[in-house]
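Trainee: Single-letter residue listing:
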Amino acid sequence: MARTELVSKAAKRKRAFWRTLMYIAIAAFFLWTTLPLLIMALSSIKEHRDAFQIPQVGDWLGALKIASFSPTFHHYTDLFTKEHFAQFILNSVIASGSASIIAVSLGSLAAYGLARGKIPGEQHLSFWILSTRMAPVVAVMVPLYSIFTGLGLLEPSRWRNLLGLILAYTTFDLPFAVWFMRSFFEDIPVELEEAAKVDGCSNLKAFRKIILPLAMPGIVAALILCLIFSWNDFIFASIFGQQAAKTLPVATSELHSTVSIEWGGILASGTLLVVPMLFLGLLVKKYLVQGMTMGAVRQ
Amino acid sequence: MAKVTLTNVWKLYGKIEAVIDLSLECKDKEFFCLLGPSGCGKSSTLRMIAGLEEISEGEILIGDNVINEVEPKDRDIAMVFETYALYPHKTVYANMAFPLRVGKRNYSHSEIKERVQKAAKILEISELLDRYPKQLSGGQRQRVAIGRAIVREPQVFLMDEPISHLDAKLRTHMRGELKHLQKVLESTMIYVTHDQLEAMSMADRIAIMDLGLLQQVGTPDEIFNQPVNQFVAGFVGDPPMNFIDCGLEVSGDSWNLINESFKINLPPDLIEKFKKKNGDPSSRPLEVVLGVRPENFVISGEKARGEGFWGEVYVTEPLGEDMIVDVTIPNNKLKLKTSVDLDIRMGNRVWLETMKNKMHLFNRETQEAYF
Chain A
1 MARTELVSKA AKRKRAFWRT LMYIAIAAFF LWTTLPLLIM ALSSIKEHRD
51 AFQIPQVGDW LGALKIASFS PTFHHYTDLF TKEHFAQFIL NSVIASGSAS
101 IIAVSLGSLA AYGLARGKIP GEQHLSFWIL STRMAPVVAV MVPLYSIFTG
151 LGLLEPSRWR NLLGLILAYT TFDLPFAVWF MRSFFEDIPV ELEEAAKVDG
201 CSNLKAFRKI ILPLAMPGIV AALILCLIFS WNDFIFASIF GQQAAKTLPV
251 ATSELHSTVS IEWGGILASG TLLVVPMLFL GLLVKKYLVQ GMTMGAVRQ
Chain B
300 MAKVTLTNVW KLYGKIEAVI DLSLECKDKE FFCLLGPSGC GKSSTLRMIA
350 GLEEISEGEI LIGDNVINEV EPKDRDIAMV FETYALYPHK TVYANMAFPL
400 RVGKRNYSHS EIKERVQKAA KILEISELLD RYPKQLSGGQ RQRVAIGRAI
450 VREPQVFLMD EPISHLDAKL RTHMRGELKH LQKVLESTMI YVTHDQLEAM
500 SMADRIAIMD LGLLQQVGTP DEIFNQPVNQ FVAGFVGDPP MNFIDCGLEV
550 SGDSWNLINE SFKINLPPDL IEKFKKKNGD PSSRPLEVVL GVRPENFVIS
600 GEKARGEGFW GEVYVTEPLG EDMIVDVTIP NNKLKLKTSV DLDIRMGNRV
650 WLETMKNKMH LFNRETQEAY F
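Going down the list, the protein sequences come from chains A and B. So in the numbering used here, the last spot in the first sequence is 299, and the numbers never skip. So in the numbering used here, the last spot in the second sequence is 670, and the numbers never skip.
No lab work stands behind these hints: they were computed from the structure. Note that this is a predicted model, so its numbers are computed, not measured.
Here are the simulated DSSO-like cross-link-like pairs (lysine-lysine), alpha carbons at most 27 Å apart as the crow flies:
{"no.": "1", "chain 1": "B", "residue 1": "K412", "chain 2": "A", "residue 2": "K205"}
{"no.": "2", "chain 1": "B", "residue 1": "K389", "chain 2": "A", "residue 2": "K209"}
{"no.": "3", "chain 1": "A", "residue 1": "K209", "chain 2": "B", "residue 2": "K403"}
{"no.": "4", "chain 1": "A", "residue 1": "K285", "chain 2": "B", "residue 2": "K433"}
{"no.": "5", "chain 1": "A", "residue 1": "K209", "chain 2": "B", "residue 2": "K417"}
{"no.": "6", "chain 1": "B", "residue 1": "K314", "chain 2": "A", "residue 2": "K118"}
{"no.": "7", "chain 1": "B", "residue 1": "K602", "chain 2": "B", "residue 2": "K634"}
{"no.": "8", "chain 1": "A", "residue 1": "K205", "chain 2": "B", "residue 2": "K403"}
{"no.": "9", "chain 1": "B", "residue 1": "K562", "chain 2": "B", "residue 2": "K657"}
{"no.": "10", "chain 1": "B", "residue 1": "K389", "chain 2": "A", "residue 2": "K205"}
{"no.": "11", "chain 1": "B", "residue 1": "K433", "chain 2": "A", "residue 2": "K205"}
{"no.": "12", "chain 1": "B", "residue 1": "K389", "chain 2": "A", "residue 2": "K285"}
In isolation and in its complexed conformation, chain B is listed as follows (with noise of 0.2 Å):
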């Protein structure tokens, strides 16, 4: 197992700039997640990694060695793709085998069929090697796509969005056994994902990018709760965190979001945060949005404090336990979670108030967090 290292690396299709100035590193044994929208650059970087892409500028490493100009075969990867590609004339045995057969070092058949079943075991598709891949299920073929990438000890897997194709059930189910997986195996993983989910519950750090550009590196917590910018914030979470254009009115100490609908007191620990991260901001109000994710508020049917505003539910999305409730406010609609059991109905007028400790603030213009 090894590290990846990427630096400064560029990928341009012609004019067309795939993935802008990255650098990035996968330690080693790291479940490391790359996040983002379709063609924010993560594929592409995966398959430069992989050398099916060339690389346009920059350099990257797996373990200490350059591999710019290493051919895929010669870069020691496994790598599970999106839409499977299993060989459909080969039985999964053969499918399994394959990478042992034709790589560089010479296994005896023994020690194939040895190692095939051992990865069979482990994903649970031991009574399926006889089989052709057109006669297996979606899950059944993305085992065995699995099982190919872990026959060799390779020095990183890659995988591009490897359950994204399965139903709902099997994906939440793969989830576990991919993370437990690259556990076990102690492997270095890098995983290319554009579903958030999947990244904030298996990964270790993920990399955030968004049209070719890298956002944010960290682990999960620290995306999610100190998002770099308004994208990140946006991109994480789901519903969605809620954002509210507003002014930043600074007199003295006193710092006060203020908008048509709401006049919000900062309290002293934010103002620090602020200041240490961005100093101290003119007197003139500022232009900013408030951020605040759906389980941030607190919901009451009658006006609480003064600090809070009224909206009216659009509607509610019982889902068990939790509600989703849709608010509009004054030039926007917001999106709330909260326990089902409260009584809340299409049509009320609801008194909201935001949980100030878990509050985000980002600079209008630029989108980058103040906090």
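Extracted from the complex, chain A is given alone in its bound form (with noise of 0.2 Å):
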């Protein structure tokens, strides 16, 4: 009673202000970045005159119609029968995937090297690392143009431009997940790894029995942050990727002809895009939280 009474009701009301104004700011948030993706979804399941039924200036009750309509998943079925879409997934998964393994495998071995920090000069190199992909993505365009053309990489044919997208995507990943990894190994309590020497462990069998199990939460967070990158890429998959290895992004915009948008596909290819990434960023959010030490060594 005495503690309620000290807090004066102006007071009170001044923080019930804040909060209402701090819970009124999130809504807002949430609805600017979650209303396009339900848009987005559920014109993709519309039918074209359906889908552009937007309602007059001043007509709020009118947004209520977003929801009545009779759904068609047509503008799917098409995009598999007319336009060899499982084709150009499959090139998205092959491209991004494939980077992300080899970025989080050779990232993993540079990460654990760096935070045990036995390398002379390893502060300037990390840096260097990081730094590295601070560069714009056009900055490097032309340079791995040149380069990818010298090793045949930009002729038509499917195998080598996707070769060559997982060299660029790889890149850009390697560095991010170095970088990344690097502080989840720091975590990980050196006295584990000199236990592990004396009970009989090589280097390399500590690493692997004790450190990467520790750190998987780590590195399963890069891998899925990695395929999030390189799944969303535009840039790099349409001047690399060119013709024979067409990626998800780069299909979907060119969804028009001279005459026509094809507002349908554009949407449920949208979907695609985004659904996977969805589930893997609740997924990557589940290993971030993950506690690491677990009570190894005393806290």
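Dock chain to chain to rebuild the complex, using the hints, since each chain is given by itself in its own frame.
Mentor: Below, the structure written as structure tokens:
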């Protein structure tokens, strides 16, 4: 009782005001970020004329019409029957999947080495690795184009072009993976590794048996984030993927002809692009919050 | 089991000398303590024996083999870390079985099970085998860490402050347990600690280090009763030894310790001891430091004999049976240990006499002990 009396009514009211303001801001941000996705997903299962039933200005109740339609999936089936989208999805999966796996496998070894800090000039090295990620993509585009031409990766061949894409994605995923995983390795107490060595492990065995399982949440998170980056990429894919190794974002952008824009197809394809990343996003959240040392050492 | 020998071992971190020209021998089946304040080089020494730090110079032998270039995994040692270093993703059973599974020798499943269960029984953690480290208390984790070390029969056990993070009661309990375990296993144990009580109560022999230098090696009794210098004398014992600056005046056979509060005549046996170790002092007074342990004073309310001095009680700390009494004398404050039954209060004037056969005398410049 005494305590509640100490907090004056004015202070209480002030707190409630700011709290309400905070919730309004969060709600606005939530709508701002999710409404476009919702509209996209809903419109992808609508006929063209339902999708463009836009209410008059001021007719707020008209917005509810967004939910009154009879669903159709023909935009989706068209993508696969008329536009070879199965192939484009596969291209996206191969390019982003391979690049992410390569980036994380090489990156985990590099990150571990940097985290243990026995490399001379280790600070400069890590900053240099990170700095390669700071350059805008277009800055490396011209030199990469010239290198890839020299390597024959831009010939009209699906596998050559895919290899080019994988290389391009890896150059951007690898520094991120190293930088991201480094902090995960740093959080693993050195004593665990030392204990493993005394218990009879070689360096590599200690890494494999003790360090790797403990860093797994970080490694999975890095893998998923690399996947998301490469999956969403448009600029590399449009230049290095060419026609032979077209990925989903590029194929989506090409869903128009000289006379019309395939809104239904674009929205369906957009949904196909977003949904897997949405799930991966939820997954990465789970791994990022997972506690890592779990009582290994006294805290 | 095997002995461990260090010959002229140095550890340098850049220009910093962490361990300086250390030569030691830990005998087979001995409980050997490395004792010293933090930064004295004791942990670096242990880590060099384990192979976790490179040996900058010198040689370390386990048994008769030089192990300078041998990988930790091939040294046949077991180590308990200050932080326990349990593998968090493994159960207690898997933690304890780990050295058997990854080691050079192949153990069968049933043999691993048998060994882990035996170790668990000794350490009374049999019912915890299915748990994960995070589900254990500090004391339980520490037992698991010890269990992981004893499932094998290594040449040497290395312990790096294994019980310093437990609460006081558990620490006292574990001191006894560890000492018992070492005797039962008949193992060679090198134990690092900063706690002199741990070292004194557990070790067969103690090596005291300070600032990278070995100060003294000896049994707890030797360390306590015959410290070689002021550092050792002050580090061991609780409360620590009192040091009083004074002069040594020699005139013929009469040797006296003199300062503004007292004049203490040295008995012939102490003079003999001094001469035996240091030769005859020159006739001019020597600058010396008198060392007296808190329990080696006789306290009384009135002047008993000539060879004592007055002090004023600064504070008293009763500890049940004993009492610590802080007494101020000119230019110094002394800590005394006495029976709690004595009626002494703050502000009282007390007459102090030293037990002459328990006195220590140090060179004020070099801090080396005269006796």
